[in-house]
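**Q** Chain by chain, the residues run as shown.
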Amino acid sequence: MREDKRRGRDGGLVQIERMIEVTIDGAKVRVPEGSTLLDACKKRGIDTPTLCFAPNLTPVNACRVCVVELDGARALVPACARTAEPSMVVHTDSERVRSARKMVLELLGSSVDMSATPNFDVWCARYDAHPERLGTPSRAPTVVDNDLFVRDYAKCMLCYKCVEACGADAQHTFAIVVSGRGAHAKIATEFDVSLPDSACVFCGNCVGVCPTNALQFRREHELRVAGEWDESSQSVTKTVCPYCGVGCVLELHVQGDEIVKVTSPSDSSVTDGMLCVKGRFGWGYTRDAK
Amino acid sequence: MDLHSTHEQPTERERAVVDRALEGFAGEAQIPRDQLLPVLRAVQMGCGWLSPSSLGYVSARMHIPAAEVYGVASFYHLFTTRPSARRVLHLCDDITCRLRGSGAIKNRLSEQCAPEGEARGDVQWHRSPCLGLCERGPAALVVESGEHPSERAISLRSPEEAVSIALGGVSTSVASNNLVRQPREQLRLLRRVGVVDPSSLDAYRASGGYDGLRRAHAKGAQWVLRELGEARLLGRGGAGFPAGTKWSAVASNPARDKLIVCNADESEPGTFKDRVLLESDPFAIIEAMTVAGFAVGANKGYVYIRGEYPVAAERVERAIAQARAKGLLGEDILGSGQRFDLELRRGGGAYICGEETALLESIEGRRGEPRAKPPFPVHEGLFGKPTLINNVETLASALDVVLRGAAAFCARGTKDSTGTRLFCVSGHVANPGVYELAMGLSLRELLALAGAEFSRIQAVLLGGAAGTFLRGDEIDLPLTFEDTRRVRATLGSGAVVVIDDSASMMDVLRGLAWFFRHESCGQCVPCRVGTVRVDELVQRVRAKVPMGGWEQERQRLKDLGSVMRDASICGLGQTATSAVESAFERFDLWPDRHAKNNPESGRSSLPPAATPKKKGAR
Chain L
1 MREDKRRGRD GGLVQIERMI EVTIDGAKVR VPEGSTLLDA CKKRGIDTPT LCFAPNLTPV
61 NACRVCVVEL DGARALVPAC ARTAEPSMVV HTDSERVRSA RKMVLELLGS SVDMSATPNF
121 DVWCARYDAH PERLGTPSRA PTVVDNDLFV RDYAKCMLCY KCVEACGADA QHTFAIVVSG
181 RGAHAKIATE FDVSLPDSAC VFCGNCVGVC PTNALQFRRE HELRVAGEWD ESSQSVTKTV
241 CPYCGVGCVL ELHVQGDEIV KVTSPSDSSV TDGMLCVKGR FGWGYTRDAK
Chain E
291 MDLHSTHEQP TERERAVVDR ALEGFAGEAQ IPRDQLLPVL RAVQMGCGWL SPSSLGYVSA
351 RMHIPAAEVY GVASFYHLFT TRPSARRVLH LCDDITCRLR GSGAIKNRLS EQCAPEGEAR
411 GDVQWHRSPC LGLCERGPAA LVVESGEHPS ERAISLRSPE EAVSIALGGV STSVASNNLV
471 RQPREQLRLL RRVGVVDPSS LDAYRASGGY DGLRRAHAKG AQWVLRELGE ARLLGRGGAG
531 FPAGTKWSAV ASNPARDKLI VCNADESEPG TFKDRVLLES DPFAIIEAMT VAGFAVGANK
591 GYVYIRGEYP VAAERVERAI AQARAKGLLG EDILGSGQRF DLELRRGGGA YICGEETALL
651 ESIEGRRGEP RAKPPFPVHE GLFGKPTLIN NVETLASALD VVLRGAAAFC ARGTKDSTGT
711 RLFCVSGHVA NPGVYELAMG LSLRELLALA GAEFSRIQAV LLGGAAGTFL RGDEIDLPLT
771 FEDTRRVRAT LGSGAVVVID DSASMMDVLR GLAWFFRHES CGQCVPCRVG TVRVDELVQR
831 VRAKVPMGGW EQERQRLKDL GSVMRDASIC GLGQTATSAV ESAFERFDLW PDRHAKNNPE
891 SGRSSLPPAA TPKKKGAR
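Respectively, the protein sequence lines represent chains L and E. In terms of the numbering used here, the first sequence opens at residue 1 and continues consecutively. In terms of the numbering used here, the second sequence opens at residue 291 and continues consecutively.
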């Protein structure tokens, strides 16, 4: 979680923000000190592709799809993690940036099943990326070892988000990590034991932050396998969790007359997008005939 | 934090090994996280592998989640999370050892001992990335675990010897006499190697040891920083960053707690100079770090030696103990009031930990994944404190600057590449070894010293796997930072691997591509996937089976090279295609161009068996 956000929520103090000015694609942009280049791009109205970034997690800058060109820097820099400094001159659509983003998309698309990743096709079109020219994606099997969610390893791009949500950024359960190294790196529990045998408490916050749908609600998985998953027919209803007094904001994704998924908005001041096992998965009673 | 663990109880032995490793922390509520690698190493050596029950016990004792302990353990290749044999032979399969015949050894071990990686009784063997024993390759590291664990770095003279050693035979090869073949009076960094007893502090002091520290104390920290700046010493680890700038940045940091780290994770294929310094002149590194501590105001230092260097680690450990016993580490060093102490840490087998921020992560007990920079270590380094991190040779050179002054240091070398530099010559030469040269002398002069047969040189790999290839007709290149940059090459770590006309360039490239695929940490997409794609491409060129046409393959290599250079997090990914790309640029390796334009010179792409031995080809 980013420090400025935490301060904003906890303290009644008014923070006096110093503004700094950076140049993005030739235009001057003023942002509060401590902002990232991604924040500055957003302020300038530039749509930057991101995958491993989430507003409610510490940036890990692992996917490199958000790289931008910074005058004076030898290599490109990740917009999501690089703090804006006064008088930085940044290019977000130069030849180098376009070519790097294109290649990152191709490397990802050639090794991971990105078919369920929002915007991936749009970005591929924008940067003229053709992943198939580098190889064919992984065929790793889906692990179904519990009733609540599945792990589709063919879709895992190792963005580290689930590890962060399970760990110090939200849940502090530390049930999953990146194990192994290089091409053999993999999200795993200790010795790859099943989730019910691990420290997992099934809060589902890993599912909530997964950008590629590698982590999926069990119900969504079943519907997809049956060919019945139909996002266009789903409605999303905002409500408050009925279980305890915290008052977490829930978004109920309903297909037909069934709740198929529950999320919480990452900008919610109550949840920061994170829920517990009850709020995330405990809605089976709505279909109890008794 | 949930320390949930489902694993069975540790065995008596596992418990004893872990408890012994953590002895010094008996009364402490929280054992520092940075003890994790030392403990994992103790379990690996004491029990042969990191079992679920042993890691469960480590997790409970250290209050580190079980999954995290597993994540760290599975990162380092000298740690194994599967049962393994009591004796494991790690056979060097990197560039020089391949040129010296490790392939035949590999085949013989597969036939007569076990398939790679499989435990058969007491026997097991693995291919290993460069072991840093290039001057006496083919080399191996033999690790025996149990009650009385041992590690031996050896050279293998024949496939038969390799089989016999894998089966438990005793190696007769001498593993640690470092030979210097140059006249002593030309040497600065190597002047004690082979003539001063590395196990004796008295011998070190009798040969001018600790004169540098005394001089630093007499002249003051500011003087040291100024001299180092004026000496224009550039880092010798590979990146060539000005050492004086680093030292001054740490010195001017107002923080109270600062740290010194010696990067002795020398893993660049073809590089072994730091090993020679650590093995044969360990007190010099201790003295250099003490000087650094004095100059920048740090009173704690760490020496991080790669896991594959048992002799260096043992000698440095012993040297630290001796220095401490004689008051040369600890409180009030040499009556100056300086307080400084050192700790030795060993790597677990990971090339990436030579990257400075990955090394810091590793000391802290984590996976060796590089950090985003900025912040740079001089501002926020080990344990978040301002940290001076220098390569072994850089520290040794800095000590030389302090000892003789900047002017004397700059008297050798060129204007932009001052001083002398160590070069590790290996491969097809008569006298492989470390050579110390004033910068500015040519590659030809270096190769002449090492006894290269000039008429047969096909290629020289300069700077290691992250370096660049030169052709046999480019060896008049002066060895300086500026001249190598001019021809888009690099001195890198000082590795110089000579490849004669008997070798297949494509075999050499396959080895390098495999190396990076094996050593990428996996954190960022360009490097994790890119190293695999480059390896696949090299295999296709080698097999002459393109995916699409050759023009597309050329474009692919260009695109992979540029995204890895531009968008990887760290230097590993940024340089991983450098050698491969330089080979395709400088040699006639594309099969289509080959056949069309140059029907006679099929040499480079043919397997060695079919290669005509052409004398005087170049």
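Keep in mind the hints are simulated off the structure, nothing from the lab. A few of these clues could be false.
Calculated lysine to aspartate or glutamate pairs in the EDC-like style (CA-CA distance at most 20 Å, straight line) [claimed, not checked]:
1) E:663 to L:85
2) E:705 to E:763
3) E:616 to E:633
4) E:848 to L:95
5) E:663 to L:95
6) E:663 to L:69
7) E:848 to L:71
**Q** Are the hints correct? Go through all of them and say.
**A** Okay, the hints, checked on the actual structure:
no.	hint	verdict
1	E:663 to L:85	holds (14 Å)
2	E:705 to E:763	violated (26 Å)
3	E:616 to E:633	holds (16 Å)
4	E:848 to L:95	holds (14 Å)
5	E:663 to L:95	violated (24 Å)
6	E:663 to L:69	holds (15 Å)
7	E:848 to L:71	violated (23 Å)
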